[in-house]
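*Asks:* With the sequences and hints as input, model every part of the structure.
The listed protein sequences correspond, in order, to chains A and B.
Number 27 in the numbering used here belongs to position 27 of the first sequence; there are no gaps in the numbering.
Number 9 in the numbering used here belongs to position 9 of the second sequence; there are no gaps in the numbering.
Where hints are given, some of them may not hold.
Claimed, not checked - Chain A is faced by these chain B residues, among others (derived, beta-carbon under 10 Å):
(1) R27
(2) E40
(3) A69
(4) R72
These are computed hints drawn from the structure, not numbers from a lab.
Glycine included, C-beta positions come from ideal geometry on N, C-alpha and C.
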Amino acid sequence: MVAAKQVTLLAQMRRGTLQYCVLALLSDGEQYAPELVRALGDVEGMVTSEGTIYPLLSRIRKDGLVETTWRESPSGPPRRYYRLTKGGQAALQEFIDEWDTFRDGVDHFIQGRQAHGHDQKSRGRRLPRSA
Amino acid sequence: MVTTKNRVVDDYLDRLDKELRGLPRARRRELVEQIREHIEEERSQYDIESEAELRNMLDRLGEPADIAAEARYRFGVRPARGGWRETATLILLPIGGIVIPFLGWVIGVVLLWASDVWSTRQKLIGTLVPPGGFMATFFVLVVVAQATVSTTKCTSDLDPATGKVLSSACPGGGGISTGHILLIALLAVMVIAPIATTAYLATHMRRGRQAADLALDVG
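*Replies:* In structure tokens form, the structure reads like this:
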């Protein structure tokens, strides 16, 4: 049960942050979807199946965070390029600020635990016995 | 070979389109288009020649059901939940026409078509198999009963002089004819069809509900 819950939590975290990973990828300039999909797929643990990126792209386009333009491709069919809008840039910046704070906060406890991990564990075990 | 490969892609996109049922039409179309573009782009980029390569590419894209679940999550759609309207539909379609003659079934059909839990094909099945639900069964039963009564009437020819019976015919009176077997088969179909249709619609609705739970679980 705990393992299953953790998997769900990770999936939730991944889903929640994926949008900002896409925005961050696009902050370097416009890209077409398969390019984005490949970039995200190259980082382990971000995307389980490539197709699930598309609902996200569709959503952030509807929200006005990105916009699309068709461009001719040197090879093959024309491509739909995604580009950050002003709103997208603002949303990304806002997330980056909050993420830094959040990550530092979590790291503070996790790394603190790693440093004194053993002590805390043994102390935790001793408490119920003395009670 | 090209046609086989196109069929594989078409099948995939068809499945995706079906799984996306419940999403706003524009979103549904956009998603299918995006995936189609992705497939075309990959095919031209990597010169995908064999069907195996093509299938590998589709595997990487993922199951249409997964993409659809993601789409529901992203758009906050709680699709295909069997609410009281769907329950009412499933009750009214088979027996509504009997409880409130004809009108009950019509209300069931209206509810059926108003719901987004079922596809057009399923709505057609729900409407037409059989039209009227058990009302049609009842109708057939009455017709059959009347037909049986009229065919068991004996007709006799009497000799006007002596009053003796010259010949007597009781069609259907003797044993079970082919006509009877056909009528019984028809009746059996008419009894089973409304039940089968209701069960079909009910199980399909449940599939939608599972998908919704999946989306809500993570959302």
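*Asks:* Each of the hints needs a verdict: does it hold here or not?
*Replies:* Hints versus structure:
1. R27: Where the cut-off is 10 Å and the nearest Cβ of chain A is about 6 Å from B:R27, the hint holds.
2. E40: holds (5 Å)
3. A69: holds (8 Å)
4. R72: This hint holds: B:R72 lies near chain A, its Cβ roughly 8 Å from the closest one there, short of 10 Å.
Violated hints: none; the structure is consistent with every hint.
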